[in-house]
Amino acid sequence: MTQPEAMQQEVDQFAKDVGASDPVTVIGGKTHWQVGGLPEPETREVRAPAGIWAHEPEEMTVRCGAGTTLGQLSEELARHGQMVPFDMDVNATVGGVLAVGRSGFRRLRYGHVRDLVLQIRHIDHRGKIVSSGGPTVKNVSGYDLCRLLVGSLGKFGCIAEVTLRCLPIPETTRWFTGSLDPFELHEKLYRPSSILWNGLQVWVCLEGVASDVAAQAAPFNFEEVTGPPPFPNVGRLSVEPKDLERHVASSKSACLAEIGVGIIHTNEVVHPPSIPDVNLSLMRDLEERLDPKGRLNPGRQVLN
Amino acid sequence: MVHKSADQNLLGELRSVLGDRARDGDFELGLYSKDGSVLEGNPMIVCLPVNTEEVQQIVRICRKHDRPFLARGSGTGLAGGAVPVGDPVVIATAKMNKILEVDLQNRIAWVEPGVLNLDLSRELSPLGFHFAPDPSSQQVCSIGGNVANNSGGPHCLAYGVTSAHVVAIEVVLPDGRIAVLGDLTAETPGYDLRGIFVGSEGTMGVATKIAVRLTANPPEIRTLLLDFADVRDGAATVSAIIAAGLIPAALEMMDQRAIEIVEAFVNAGYPTEADAVLLVELDGLPGGVEHGVEVVRAVAARHHVGSVRVAADDAERDLLWKGRKNAFGAVARIKPDYYLHDTVVPRGKLVEVLEKVYRIADAHDLIAVNVFHAGDGNLHPILAYDSKEKGVLERVHAAGRAIITASIEAGGVLSGEHGIGLEKRDYMGMLFSAHDMATQDLVREAFDPDGLANPLKVLPSGSRCSDSFGQHVPDGAWV
Ligand SMILES: Cc1cc2nc3c(=O)[nH]c(=O)nc-3n(C[C@H](O)[C@H](O)[C@H](O)COP(=O)(O)OP(=O)(O)OC[C@H]3O[C@@H](n4cnc5c(N)ncnc54)[C@H](O)[C@@H]3O)c2cc1C
Numbered sequence: 021m022t023q024p025e026a027m028q029q030e031v032d033q034f035a036k037d038v039g040a041s042d043p044v045t046v047i048g049g050k051t052h053w054q055v056g057g058l059p060e061p062e063t064r065e066v067r068a069p070a071g072i073w074a075h076e077p078e079e080m081t082v083r084c085g086a087g088t089t090l091g092q093l094s095e096e097l098a099r100h101g102q103m104v105p106f107d108m109d110v111n112a113t114v115g116g117v118l119a120v121g122r123s124g125f126r127r128l129r130y131g132h133v134r135d136l137v138l139q140i141r142h143i144d145h146r147g148k149i150v151s152s153g154g155p156t157v158k159n160v161s162g163y164d165l166c167r168l169l170v171g172s173l174g175k176f177g178c179i180a181e182v183t184l185r186c187l188p189i190p191e192t193t194r195w196f197t198g199s200l201d202p203f204e205l206h207e208k209l210y211r212p213s214s215i216l217w218n219g220l221q222v223w224v225c226l227e228g229v230a231s232d233v234a235a236q237a238a239p240f241n242f243e244e245v246t247g248p249p250p251f252p253n254v255g256r257l258s259v260e261p262k263d264l265e266r267h268v269a270s271s272k273s274a275c276l277a278e279i280g281v282g283i284i285h286t287n288e289v290v291h292p293p294s295i296p297d298v299n300l301s302l303m304r305d306l307e308e309r310l311d312p313k314g315r316l317n318p319g320r321q322v323l324n
Numbered sequence: 029m030v031h032k033s034a035d036q037n038l039l040g041e042l043r044s045v046l047g048d049r050a051r052d053g054d055f056e057l058g059l060y061s062k063d064g065s066v067l068e069g070n071p072m073i074v075c076l077p078v079n080t081e082e083v084q085q086i087v088r089i090c091r092k093h094d095r096p097f098l099a100r101g102s103g104t105g106l107a108g109g110a111v112p113v114g115d116p117v118v119i120a121t122a123k124m125n126k127i128l129e130v131d132l133q134n135r136i137a138w139v140e141p142g143v144l145n146l147d148l149s150r151e152l153s154p155l156g157f158h159f160a161p162d163p164s165s166q167q168v169c170s171i172g173g174n175v176a177n178n179s180g181g182p183h184c185l186a187y188g189v190t191s192a193h194v195v196a197i198e199v200v201l202p203d204g205r206i207a208v209l210g211d212l213t214a215e216t217p218g219y220d221l222r223g224i225f226v227g228s229e230g231t232m233g234v235a236t237k238i239a240v241r242l243t244a245n246p247p248e249i250r251t252l253l254l255d256f257a258d259v260r261d262g263a264a265t266v267s268a269i270i271a272a273g274l275i276p277a278a279l280e281m282m283d284q285r286a287i288e289i290v291e292a293f294v295n296a297g298y299p300t301e302a303d304a305v306l307l308v309e310l311d312g313l314p315g316g317v318e319h320g321v322e323v324v325r326a327v328a329a330r331h332h333v334g335s336v337r338v339a340a341d342d343a344e345r346d347l348l349w350k351g352r353k354n355a356f357g358a359v360a361r362i363k364p365d366y367y368l369h370d371t372v373v374p375r376g377k378l379v380e381v382l383e384k385v386y387r388i389a390d391a392h393d394l395i396a397v398n399v400f401h402a403g404d405g406n407l408h409p410i411l412a413y414d415s416k417e418k419g420v421l422e423r424v425h426a427a428g429r430a431i432i433t434a435s436i437e438a439g440g441v442l443s444g445e446h447g448i449g450l451e452k453r454d455y456m457g458m459l460f461s462a463h464d465m466a467t468q469d470l471v472r473e474a475f476d477p478d479g480l481a482n483p484l485k486v487l488p489s490g491s492r493c494s495d496s497f498g499q500h501v502p503d504g505a506w507v
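Chains as they are written, first to last, in the working numbering: chain D, 21 to 324; chain V, 29 to 507.
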């Protein structure tokens, strides 16, 4: 059997597993299992296929089963000096990370994970395979359903296969810390990879060629560290970047803010923000159309 | 083209809102019957609103009269997205052209949809920022059009296309409600409606305000012009640069004919004897740029580069880019008309597909000129012709179809940045199954159940699962 045939067979098998009638939920690495609430008890569990199906280093794209772990993926890519900057638990799966739709702590430089997705094949509520996006690094062919699938917690379909854009691993990655004004750093540094702030101390990740990293860090009273501090992980708050200071100041527990991005990792429980009525009605309409019987990941809620 | 005479009740109601900015004169109707493609349609009425409320009223009035409507920016689209079919009301955003707010703390700007792409970057420049998507048409195309087409440009190789640079969009939905899709926070709650609206070519409503991300201007820029005696070496250099782990800010290619035409037009000192040139731009911090220049030189040397010219200053860089950005217009030097194609192939297949493009052009007795975004495999074959020649358009269309087929056979896609519109609607089946397209249509229908927003675009007739979407594009639209 050729590679494409074997791949197709795995996707076909996954489509059969998802089926067309009873409630199903997809298990990934269970690293974010609680996001959106747990699936209803008795929901049948399925697993997406795993494995790197095609990595073309000179195209800077990788195609893999959605069940592939981030560990597996980064190991393969690193052999060619490449990465997909997910920055998450190595046991998380590619499909799971996309379904949850949260970006890693280097989003300031690398952008949202959704912008790294080129093509997705998913299984819809009828157990049928749907392909969207395209395999090339640039593509505007039709309505880009990949956009809806990222962050959908599997409510629109079960992600079977993903093609991602890869990036070169920077020559140098260094972390620094100090008691500095994070907003001033954001203004002065050119494309830092991450600026984290707990209200007192900042951590900064600078990447690129060694001389640039050294030159960017030089003016500041920094101490070098091996990586970011531990992230408070009870809640995750999303605010406008300009409001970070106010939110951090009023936080009652430990928190870590992503400067320039607008995420606050906190040890407080965060209640999901409300969605404006018009948007909510459109979103419910999409749910109704894409999964009329509500059999995909029942119990989990993207809309509250 | 004969325009259906305006429904007088409809026109009256639109005039009560817009006064003389609702028009049905022959001049306007003629002007708005075309876009940058060779297609032509027939608008019934042209409206020039100045704000969101007026757009909302236009949409509501159209709905009441069951009349399709169509948003239009600058009309530079190349896939017929803004070509009015089915006698619609055209909602032109030309008078909605204000930059509303520059919010440096959030690094975004709120703009009206009719703001021109380059005007925005010019306005931001003194603040040290720009809007990253830079279509070659940036002097004239609108941000609303960029959003609707998810447009790209030379610098999207490193910075990503429009979707990565739009955080929120105020939209008048096809049912007349107003929604803001996306927001200024990092993770908008709910599903990514903003993401699906970008690239929907006006079929999900009219964008009335857009929050775009500001990108910091790079501290250092280096622009290189490399020439090759064999186009194959040029293309191999493109792949090898990327494979070496370098993503330049831009990596553009021109073939021999393009070089000749452009040089005669701009006198930038392009080497007219070369078979191909690469225009490579590196930006960022000085060390990274220097390193990039060395990698490019080393890789090019391995692929038999002729000379490497590094722009000495801003003026020289601007001149090199002027050549690239005016290449399409310069084609007029060889033939009065051209048809610009847009497909993407894996970088490794560039040479193979380019050779096919030349063969296809020869076989159809046309001239092919290639100027394109080589770094992301985005081909832009230009077929030059003279519309006065009898039957020439049939040959142009046949050649276009063959080019698209060759690109898809090489593992590519239908469009990199110009969109599907009318032009490629009926080719969608080459990439997507009927079920894929029916699923796409379910999503579109959630936004526009009655099919009033820019109807008959993007998806081929027959993709609708629910209704009789059997109406074909009027013959006239293919003029
Ligand atoms: C010489 C030349 C070079 C070009 N180079 C490039 C290039 O490098 N990269 C690239 O991507 N494209 C390029 N293009 C194509 C074109 O310029 C882009 O697609 C551009 O974004 C279209 O903008 P516009 O304002 O002209 O939109 P229009 O042509 O007016 O409209 C395009 C589509 O957008 C919709 N639309 C417009 N405004 C709105 C709105 N407010 N709300 C909802 N929908 C709306 C229309 O309905 C239509 O479907 C080029 C075109 C030309 C003629």
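No wet-lab data here; the hints were simulated from the structure.
Treat the numbers as computed from the prediction; the structure is a model and nothing was measured.
Just so you know, even glycine gets a beta-carbon here, dropped at the ideal spot from N, CA and C.
Just to be clear, a hint being listed does not mean it is correct.
[To be verified] Calculated from the model, a selection of chain D residues having no Cβ within reach of chain V, i.e. all distances over 10 angstroms:
(1) Val110
(2) Ser152
(3) Asn253
[Stated by the list, open to error] Straight-line Cα separation of at most 16 angstroms, EDC-like style, residue types lysine to aspartate or glutamate; simulated pairs:
(4) D:Lys262 / V:Glu129
(5) V:Lys92 / V:Asp476
(6) D:Lys148 / D:Glu288
(7) V:Lys92 / V:Asp131
(8) V:Lys92 / V:Asp258
(9) D:Lys262 / V:Asp211
(10) V:Lys123 / V:Asp48
(11) D:Lys262 / V:Asp131
(12) D:Lys272 / D:Glu288
Point to revise | Least C-beta distance from asparagine 253 of chain D to chain V larger than 10 angstroms | key: holds (15 angstroms)
Review point. Taking only the CA atoms, is the gap from lysine 272 of chain D to glutamate 288 of chain D under or equal to 16 angstroms?
Key: holds (8 angstroms)
Check your understanding: Hey, lysine 92 of chain V versus aspartate 476 of chain V, does the alpha-carbon distance stay inside 16 angstroms?
Key -> Within the cut-off at roughly 15 angstroms; holds.
Exercise for review: Verify the proposed pairing of lysine 262 of chain D with aspartate 211 of chain V, using a straight-line Cα cut of 16 angstroms.
Suggested key: holds (13 angstroms)
Exercise for review: Would you check the hint for lysine 92 of chain V and aspartate 258 of chain V, treating anything up to 16 angstroms between C-alpha atoms as holding?
Suggested key: Violated: lysine 92 of chain V and aspartate 258 of chain V sit about 61 angstroms apart, past 16 angstroms.
Check your understanding: Is the hinted pair lysine 262 of chain D and aspartate 131 of chain V satisfied, with a Cα-Cα distance of at most 16 angstroms?
Key -> It holds: about 9 angstroms lies between the C-alpha atoms, which stays within 16 angstroms.
Review point. Are lysine 123 of chain V and aspartate 48 of chain V close enough, with their CA atoms no more than 16 angstroms apart?
Key: Given pair lysine 123 of chain V, aspartate 48 of chain V holds - Cα atoms ~13 angstroms apart, limit 16 angstroms.
Check your understanding: Taking C-beta pairs only, is serine 152 of chain D more than 10 angstroms away from all of chain V?
Key -> violated (7 angstroms)
Review point. Does lysine 92 of chain V pair with aspartate 131 of chain V here, judged by a C-alpha cut-off of 16 angstroms?
Key: violated (38 angstroms)
Exercise for review: Quickly compare the C-alpha distance for lysine 262 of chain D and glutamate 129 of chain V to 16 angstroms and report which way the hint goes.
Suggested key: holds (15 angstroms)
Check your understanding: Minimum Cβ separation between valine 110 of chain D and chain V greater than 10 angstroms?
Key -> Valine 110 of chain D clear of chain V: closest Cβ-Cβ about 22 angstroms, beyond 10 angstroms.
Check your understanding: Between lysine 148 of chain D and glutamate 288 of chain D, does the CA-CA distance stay at or below 16 angstroms?
Key -> The given pair, whose Cα atoms are some 41 angstroms apart, is violated under the 16 angstroms limit.
Of the hints listed earlier, those the structure fails to meet are numbers 2, 6, 7 and 8, in rising order.
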